[in-house]
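2 protein chains.
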Amino acid sequence: MTTPRRDTYTPETLLGVAVQIFNERGYDGTSMEHLSKAAGISKSSIYHHVSGKEELLRRAVSRALDALFAILDEPGAQRGRTIEQVEHVTRRTVEVLMAELPYVTLLLRVRGNTQTERWAMERRREFDHRVADLLKAAAADGDLRADVDPKLATRLLFGMVNSLVEWYRPHPGTGHDENQVAEAVVRLAFDGLRADAS
Amino acid sequence: MTTPRRDTYTPETLLGVAVQIFNERGYDGTSMEHLSKAAGISKSSIYHHVSGKEELLRRAVSRALDALFAILDEPGAQRGRTIEQVEHVTRRTVEVLMAELPYVTLLLRVRGNTQTERWAMERRREFDHRVADLLKAAAADGDLRADVDPKLATRLLFGMVNSLVEWYRPHPGTGHDENQVAEAVVRLAFDGLRADAS
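Protein sequences, first through last, are from chains A and B.
For the first sequence, counting from 1, position 174 maps to 174 in UniProt numbering; every step adds exactly one.
For the second sequence, counting from 1, position 193 maps to 193 in UniProt numbering; every step adds exactly one.
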């Protein structure tokens, strides 16, 4: 238990504390009491900023979702051959995941017990479907290998990308910088691990 | 609560019930009471078969680990070029994951709160290291693309493979059969999604 301190939080900085506790304890396992202790301010101070923990969850997953959906509006996701668009979206998704690691981690772990959780899952599926549609279009262009079903490819691609929340840490010592990781995902996913026969 | 029934379990069939409950509630969240209710037999009947829930965990994760380590002793994992060995191990790991889905799911979700859990995590890391060593050897042969670090490649490969426990279900309606999934993982990982320019 920390000594209560003067409330200098903004909704934004309070969110940083909340998302950390949600990820540690799970959203279901987090009470306003836990948030109050972690922030070092009273529950009523928290209610001064937000209506409750569900609002904190909504703000946190919105931050992740907004960053992900913004990728789809970038020029690289709208111009050129579709396969290049998918490659762009893949690279940028990895970059957003690393830049917004606690927020995307929370988004990926959410289960559907409350309305906000179900909304977050629905939006996440919508993002996956948008990428699946791009892969289907790339297949129609003849730019995707014909022996892998685009829907299955989407699952495997997101499986690989999303696994980063399990091991990527933005600290020295992991031995991988952000550009290296994003580039490795794109190279593996689109060109494969095997050296080109030449 | 089910009506207590005559105990016709063997340690093997009891394991099937236990692994299901462990995956539903988490190992920490499962009591002997939960196991007794799910199996429809008394706690003392369970103790007739096993020493307690930790023995059930050890047997369950051993089943997954034994199946995974057995892959490394197969001829396909020991003969031919190293890159072909890695491809074999990848395909067979996907097949084992699908064939032993609840057991591998439990193995991948285990956290280190008890000695058995820590042992399971250690063995799992050992398997990952064995595959990482194969990838390093394939890189030394010049068969792995030079612009992806073999250690990072191992993480991404397992990220993709292990993500199957989140969505693969061995029932009709998922739209993917086992051979198709294993082949798709190998094609994506080694040759990439992009159609070969020709």
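Keep in mind that the hints are not guaranteed to be accurate.
[Said to hold, decoys possible] Heads up, incomplete: computed chain A residues facing chain B, CB under 8 Å, no partners named:
| # | residue |
| --- | --- |
| 1 | A38 |
| 2 | I83 |
| 3 | E84 |
| 4 | V96 |
| 5 | M98 |
| 6 | G142 |
| 7 | D143 |
| 8 | R145 |
| 9 | A146 |
| 10 | D147 |
| 11 | A153 |
| 12 | W167 |
| 13 | L193 |
| 14 | A195 |
Since the hints were derived computationally from the structure, they do not count as laboratory data.
From a predicted model like this one, the values you see are computed outputs, not experimental measurements.
Heads up, the beta-carbon is just placed ideally off N, CA and C, and yes, glycines get one too.
Structure-based check of each hint:
Checking A38/A against chain B by beta carbon gives a least distance of about 21 Å; that is not within 8 Å, so the hint is violated. With 8 Å as the threshold, the beta carbon of I83/A comes within range of chain B, its nearest partner Cβ sitting at about 6 Å, so the hint holds. With 8 Å as the threshold, the beta carbon of E84/A stays out of range of chain B, its nearest partner Cβ sitting at about 10 Å, so the hint is violated. Annotation: V96/A was flagged as interfacial toward chain B, and the flag is violated, the nearest CB pair being 17 Å apart, outside 8 Å.
Interface restraint check: M98/A against chain B, minimum CB-CB distance 13 Å, threshold 8 Å, status violated. Nearest Cβ of chain B to the Cβ of G142/A: about 6 Å, under the 8 Å cut. The hint holds. This hint holds: D143/A has a C-beta 5 Å from the nearest C-beta of chain B, less than the 8 Å allowed. Satisfaction of the interface hint for R145/A is found here, the shortest Cβ-Cβ separation to chain B being roughly 5 Å, below the 8 Å cut-off.
With a least beta-carbon distance of about 7 Å to chain B, the hint placing A146/A at the interface is held under the 8 Å criterion. Proximity of D147/A to chain B holds as hinted, the smallest CB-CB distance being about 6 Å (cut-off 8 Å). Interface restraint check for A153/A: the shortest CB-CB distance to chain B comes to about 6 Å, inside 8 Å, so the restraint holds. Checking W167/A against chain B by beta carbon gives a least distance of about 6 Å; that is within 8 Å, so the hint holds.
Taking 8 Å as the C-beta contact cut-off toward chain B, the hint placing L193/A at the interface holds, the least distance being around 5 Å. Hint on A195/A holds. Least Cβ distance to chain B is approximately 5 Å, under the 8 Å limit.
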